[in-house]
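Number of protein chains: 2
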Amino acid sequence: MDAMTLPTFDDVLAAAARIAPHAHVTPVLRSRTLDALAGCELHFKCEPLQRAGAFKFRGACNAVWSLAPEDAARGVVTHSSGNHGAALALAASTRGIPCHVVVPEGAVAAKLAAIQAYGAILHRCAPSIAAREETAARVQLETGATFVHPYTDPRVIAGQGTAAMELLNATGGLDVLATPVGGGGLASGCALSLAALAPDCELLLAEPAGAADTARSLAAGRLELDFVPDTICDGLRGTLGAPDFAILGAHGARVAVVEDARTIEAMRLLWTRLKLLVEPSSAIAFAAVLAQRERLAGKRVGVLLTGGNVDLDAIAESFASASRAA
Amino acid sequence: MDAMTLPTFDDVLAAAARIAPHAHVTPVLRSRTLDALAGCELHFKCEPLQRAGAFKFRGACNAVWSLAPEDAARGVVTHSSGNHGAALALAASTRGIPCHVVVPEGAVAAKLAAIQAYGAILHRCAPSIAAREETAARVQLETGATFVHPYTDPRVIAGQGTAAMELLNATGGLDVLATPVGGGGLASGCALSLAALAPDCELLLAEPAGAADTARSLAAGRLELDFVPDTICDGLRGTLGAPDFAILGAHGARVAVVEDARTIEAMRLLWTRLKLLVEPSSAIAFAAVLAQRERLAGKRVGVLLTGGNVDLDAIAESFASASRAA
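Here the protein sequences line up with chains A and H, keeping their order.
Quick note: the first sequence, position 58, residue 58 per my numbering, numbers continuous.
Quick note: the second sequence, position 39, residue 39 per my numbering, numbers continuous.
In case anyone wonders, no lab produced these hints; they're calculated from the structure.
There may be inaccurate statements among the hints.
Stated by the list, open to error - Simulated DEER-style distance windows between Cβ atoms: (1) Arg-74/H x Asp-311/A: 48 to 54 Å; (2) Arg-74/H x Pro-199/A: 29 to 35 Å; (3) Arg-254/A x Glu-142/H: 54 to 60 Å; (4) Ala-113/H x Glu-317/A: 21 to 27 Å.
Claimed, not checked - If you want a taste of the chain A side facing chain H, the calculated C-beta under 7 Å gives, among others: (5) Leu-49; (6) Trp-65; (7) Trp-271.
Where a beta carbon is used, it is the ideal one built from N, C-alpha and C, also for glycine.
Make a model of the complete structure from these sequences and hints.
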């Protein structure tokens, strides 16, 4: 498949079989207290407990194990300062192949350490999109490694879709599935699963107000990507991918734009009530649900908690700032 | 049973049946990264995911559902500023009976809020042992409620023992079980389960250096309780109970005394790697395992993560202090 071949639900099913020996079927947690607070029936899919601490391992693992042996031997390469880099590094290690990760200067230290701990080779570059694409292209040329884009690669999208499939299976049905949207890999993968398994289930995309390109693009009917991201949700600063836009537009997903302050409140609730360390880019989906209390009253709502790779010192500071502002 | 009738493993089995409709069988998490760090095979029993956020619900629930109907109708009373108060309040609500909780001035605000949210009636008193015992006795006289001590009540000890039984069942066997020790209810309940199900499994008790009465008492062969607690582990500041001492002494448990700085390091690892929000009184058991890397090399080690009811602002401050000191 080339980058603009759109994946289908059959690809999600194939991904589920391919990643089963390597990925966790993550637990679904409930909380009576949070149900009462939200006024609906919440089912939290816990991808912070996925290997490498985020759903990203699903797509990365599917991409790595989709490669023909002769391609696999030359390794994989990506540019990602975050969870996709760590996920691809770990996925490559499950197949014993090299992984190259291009990271911009200034990326979160905890995430870079995780990528290195999984055995990847880091290639640093300037913090611009042009610099990282150029560096990744050079590594491809020099090594013959296969490029695995964090959210436009159809193998990645199909892999992410397994998270929604598992959640639907575990709950026996949902009225709404809330998930964060950044580049759109998870959101569009989930759209494939919902369309096939639960066509009446609403797909609710939570997007930071400081990076609301998906809301604008879906409203305009074309990609509108010209913005400077300004949000605590470091996993959602990327721009919506073209195949992701195509899938989400066809699906008719709804977008909820969320202010960071609401995301931090939701994160605090998830930490203290669910006892799960989620990152801001995860908590935003729950914030979107809390903001739509009336509309979602009494419904069965799945919330995809996507990752738990936080920089504790930075998060502690964000709680302190929120307290001072209150 | 009166307070000095020692419970047996039969009581643990009866407790397991009694609490099954109300308590969660909590998950057991693994982490390849933490295994590598500790040099052994770790099995984390996740009681932060228990109802009311701690193992305490097991003992409280067993006590509440052990009462004869006419006693139950008059309710239960305890003195506890922490997890036992919340657990008893929730347990009482599962049977629809009143719960009175005596709390000292200066107790952690987040824990008091949890106790009230579960429907208990709070009775405030001065922060001394005499004041809280006196207040609890007065409530007993006025209401006819049954007193449920946080860790000397044999019904509580038997209930806590179900945590170790579940962990042994889930893992298929352990060489070592590490658990925190404060008043000793969990530790002695676990000793009952180990003696019956895994007599060769070592019981490793982790105790804060600033409240090391169990280490001193077991070494001396008599209760040595004269100390002023000084530790971040607010759940472990109580003194070892007499029946708990009797059970632990007979069992031959080993005590590891742990400095708070090591506990904070272990807590940070559990938050960032296991993605589970544990309180300091939980993390100490993992700190004890990390401190005995050589002795435990290659062993199958169960770690009882006991609770996750943290005051986020206070914890954020403790991380910041640790960073400044480093």
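Here is how each hint holds up against the structure:
no., hint, verdict
1, Arg-74/H x Asp-311/A: 48 to 54 Å, "holds (51 Å)"
2, Arg-74/H x Pro-199/A: 29 to 35 Å, "violated (55 Å)"
3, Arg-254/A x Glu-142/H: 54 to 60 Å, "holds (56 Å)"
4, Ala-113/H x Glu-317/A: 21 to 27 Å, "holds (24 Å)"
5, Leu-49, "holds (6 Å)"
6, Trp-65, "violated (19 Å)"
7, Trp-271, "holds (5 Å)"
Hints 2 and 6 from the earlier list are contradicted by this structure; the remaining hints agree with it.
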